[in-house]
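Novice: Chain residues, written in single-letter form:
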Amino acid sequence: MGIKKVGAKPQTLVEKIFFLDFMKGLSTTIKHLFKRTITVTFPYEVLEPTIRFRGVHGLRNVDGTESDDFMSWVKKLKIKPPEMGETRCIACKFCQAACPVPELFTIKAKKLDVPEDHPHHGLKVLDVFDMDLSKCMFCGLCTQACPTDCIIHTDVYDLSAYTRRNWVLNKEMLSEIADDFIARRGKEKFDEKSRWREDQTLWPLDEEDLRVRAKLWDGNIPQLGPNYLDQNQNNQSN
Amino acid sequence: MSWISLEKAEKLKQKFENITVNENNGYTTVEVPKENLISFLKFLKEDPEYQFKMFIDLTIIDHDVKSNPRFQGVIILFSPEYKERIIVKTWATNEELPTLTQIWPGAKWAEREAYDMFGIKFEGHENLVRMFMWETYPYHPLRKDFPLKGYEEVELPSLNEAERGDQLEGLFNYSRMHTAIPTLEDLEITQKARMPKKSSQIVLNWGPLHPGTHGTIWFLFDLDGEYVQKCDIIIGQLHRGVEKIAENIGYQQFIPYTDRMDYIAAINENHAYVVAAEKLMGIHEKVPEKAKWIRTMMAELSRINSHLLWLGTYALDLGALTMFLYTFREREKIMDIFEGITGARFTINYFRIGGVFADLPYGALDAIEAFIKDLPERINDYERLLTRNRIWVSRNKDVCIITEEDVYDYGLTGAVARASGVPYDLRKIDKYDMYGEVDFDIPIGDTGDSYDRYLVRMEEMRQSVRIIQQCIERLRKFSKNDPYFFEPEDPKKLKISIDGRGMKLPQGEVYASTDNPRGELGFYIYNKKAGIKPYRVRIRSGAFYNLQVFTKAIVGRPIADAITLLSTLDPVVGETDR
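Chain order of the listed sequences is A and B.
Residue 148 in my numbering sits at position 148 of the first sequence, with consecutive numbering throughout.
Residue 274 in my numbering sits at position 274 of the second sequence, with consecutive numbering throughout.
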């Protein structure tokens, strides 16, 4: 078992008389005087959150990138087969079951009011999907529980509001947030089956963002490469 | 595993007749009748064959209202000589137990907490007051008949409602009724109960809202001139009942709550809980190696993160402002890496029972490598500024010495114990995750003064860099397709999922702990029967016990040393209060 004794020698007389301890300390301080600033001047320069960032939630709509078992889930829960642009949510409440604060969700489905001979007779649609984000811990468990990859985390982080009322998001707002996020960064985060991409990078690689991020890395931001031997060069071109 | 063997425990029967010894997958428990408890513990402590000198934890299990006797005391001890632990249990008939403070003074706060949370009286305790709640609080919240939501009896409208006329009624489950809150009179009674006899004219109050206390801790100093005669601490302003929450929630769902205990080192809190739950399931050995290496690496990064914050604020408190700016620059890089890997900078929730929730993103190892290549030079910079600086030395050297004896009596762990010359490091003793395969040294100090605690933590950062280097080397050899989450052979028998729905843990009990930057963080999980919720979760907080020694080490020291001592003990209120 390796044990290492720590300790420092007492000051020598030379050190005491010539204030060498202060000199050494000052040299460090002076060295830093000539370094570049590391702070990001926030409203003027904005650091884009990383791809995995867990920000405000969104509800994804059907856009042709659903996973293969999406339709079987829809059938299983007797949901009206959604068309393009309609929500992927099937009101299964898995997100609520996985949530550490389950009362933040209100999820309700309603039966379609159609005549008996209609093909959608007896099927349900999502009626209410409210989230009270003032109770949310942003832990990400709901997104991992979602069987249809509907609920996702986006990179939106400014949540301030004057009243608690504004923290409650309904399904229209959530859809809008998701649509906006998918349009901006969807391809970076998800593959064509809505799973997390394998080649998600540690931080965004576009030039403007790297320039800002380089500031907080003291001007020499590390070059990102593969983690494992068989990991391919990432194709972030799209 | 570092537990007393069954044979050795059976030998105790020759000495004490009416004890029972149980073994539950590696964890040996001894049940002792209440009458013999004190003599039994004394024997354990003093007998050369056992030497359970170190007090780890004391807690209570409530076996439901109907059972008689209802409460059971659980005492966990450690033998530094043989590197073994033991659990001693005893039934608290009539809701009373004998006090252990004569054997281990460190049991004082644990007994206060047991009284506060369960209403167990300890005969012979010097001043049995509440630990977290205020003195006039009528309930004992961790009892099983206390509802999770508490008793809502005070009307407290939201400021939105009171001042803006905003109608919040009917908005989700918003309610104006709240559980009881202390009034100023209640706080005064609490303060008086903590220090019934004072020798000086005034008792100096420090905190609860003082920047120097690093959180909401309320100190009471009984002074003689500038020198502290007596000290007591009131904590609990951040008490959220994490243990109660744990008993009412699924296993995977509890991990985000552990983030919010020690928020400075959230990953290490996740780690301790995850390891404990895995040991209870018996899958800790079977977790994929890649996940274990990732966890080891992340835990050490988090340790550096925590120590950097400690160094910055510690130096700031002693008047060196620049240190704060320098360490926060390095911290920002770690947080940036955390954000990229896990999606959050602070409350991370990355570990899962059975592994981690996602593989490392592209480029993570490169960024970490670049960071740790740079860090040792930065630490040298910090040391050049502080270690030999005469002001720094005179404010730290021989200040508030904590002896080896104190370490055992008060159950001190982490850097505080190591600075006093006790090489107690669970990474070496328990070898959880991949700590058995990495090579590192335990830094230990000489005298146990504040200066030693400072040097030990600085060296710990360097050792963490060493561990991370080895982790990166090993991780590079894995394939991207290697699993990062445990998959059971028979999913019907053992259900385990990343999101934790429907996950069941078996019946049994476990005490597993990891080495947190702030000391030993242990989780004692007791499960009466297999289920999706634990029956009892006890969190053994290192910061809680480390903070307790403050009241002893400060006695006889000038009031200015309180800042030095508090900073070098480095408690985080989220963890002490839970």
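Check the hints yourself; a few may be wrong.
What the hints assert, rightly or not - With a Cα cut of at most 20 Å, we get these calculated SDA-like pairs of lysine to any residue:
1) B:K533 x A:P102
2) A:K215 x B:L12
3) B:K397 x A:I30
4) B:K495 x B:E285
5) A:K4 x B:F440
6) A:K189 x B:E332
7) A:K9 x B:P141
8) B:K397 x A:K189
9) B:K529 x B:R176
10) A:K187 x B:P288
11) B:K495 x A:F94
As the list claims (entries may be wrong) - Ranges of calculated distance between the beta carbons of each label pair, as one might list FRET restraints:
12) B:D186 x A:L205: 32 to 40 Å
13) A:K31 x B:G150: 52 to 60 Å
14) B:E169 x A:L159: 44 to 52 Å
15) A:F42 x B:E437: 55 to 63 Å
16) B:E285 x A:D69: 30 to 38 Å
17) B:E169 x A:P81: 54 to 62 Å
18) B:Y139 x A:T29: 48 to 56 Å
19) B:E23 x A:K31: 57 to 65 Å
Just so you know, these hints were derived from the structure itself, not from any lab.
C-beta: ideal position from N, C-alpha, C; glycine also.
Novice: Determine for every hint whether it applies to the structure shown.
Specialist: Comparing the hints with the structure gives:
1. B:K533 x A:P102: Distance ~15 Å between K533 of chain B and P102 of chain A Cα, so the pair holds.
2. A:K215 x B:L12: violated (64 Å)
3. B:K397 x A:I30: violated (27 Å)
4. B:K495 x B:E285: Holds - the C-alpha atoms of E285 of chain B and K495 of chain B are around 17 Å apart, at most 20 Å.
5. A:K4 x B:F440: holds (10 Å)
6. A:K189 x B:E332: It is violated: about 24 Å lies between the C-alpha atoms, which goes past 20 Å.
7. A:K9 x B:P141: violated (52 Å)
8. B:K397 x A:K189: violated (53 Å)
9. B:K529 x B:R176: violated (37 Å)
10. A:K187 x B:P288: violated (30 Å)
11. B:K495 x A:F94: holds (16 Å)
12. B:D186 x A:L205: 32 to 40 Å: violated (56 Å)
13. A:K31 x B:G150: 52 to 60 Å: holds (55 Å)
14. B:E169 x A:L159: 44 to 52 Å: Given a distance of about 23 Å, which is not inside 44 to 52 Å, the answer is violated.
15. A:F42 x B:E437: 55 to 63 Å: At roughly 43 Å between Cβ atoms, E437 of chain B and F42 of chain A fall outside 55 to 63 Å, so the hint is violated.
16. B:E285 x A:D69: 30 to 38 Å: holds (33 Å)
17. B:E169 x A:P81: 54 to 62 Å: With Cβ atoms ~39 Å apart, the hint is violated.
18. B:Y139 x A:T29: 48 to 56 Å: holds (55 Å)
19. B:E23 x A:K31: 57 to 65 Å: Hint holds: Cβ distance 60 Å, inside 57 to 65 Å.
Checked against the numbered hints given earlier, this structure breaks hints 2, 3, 6, 7, 8, 9, 10, 12, 14, 15 and 17; the rest are met.
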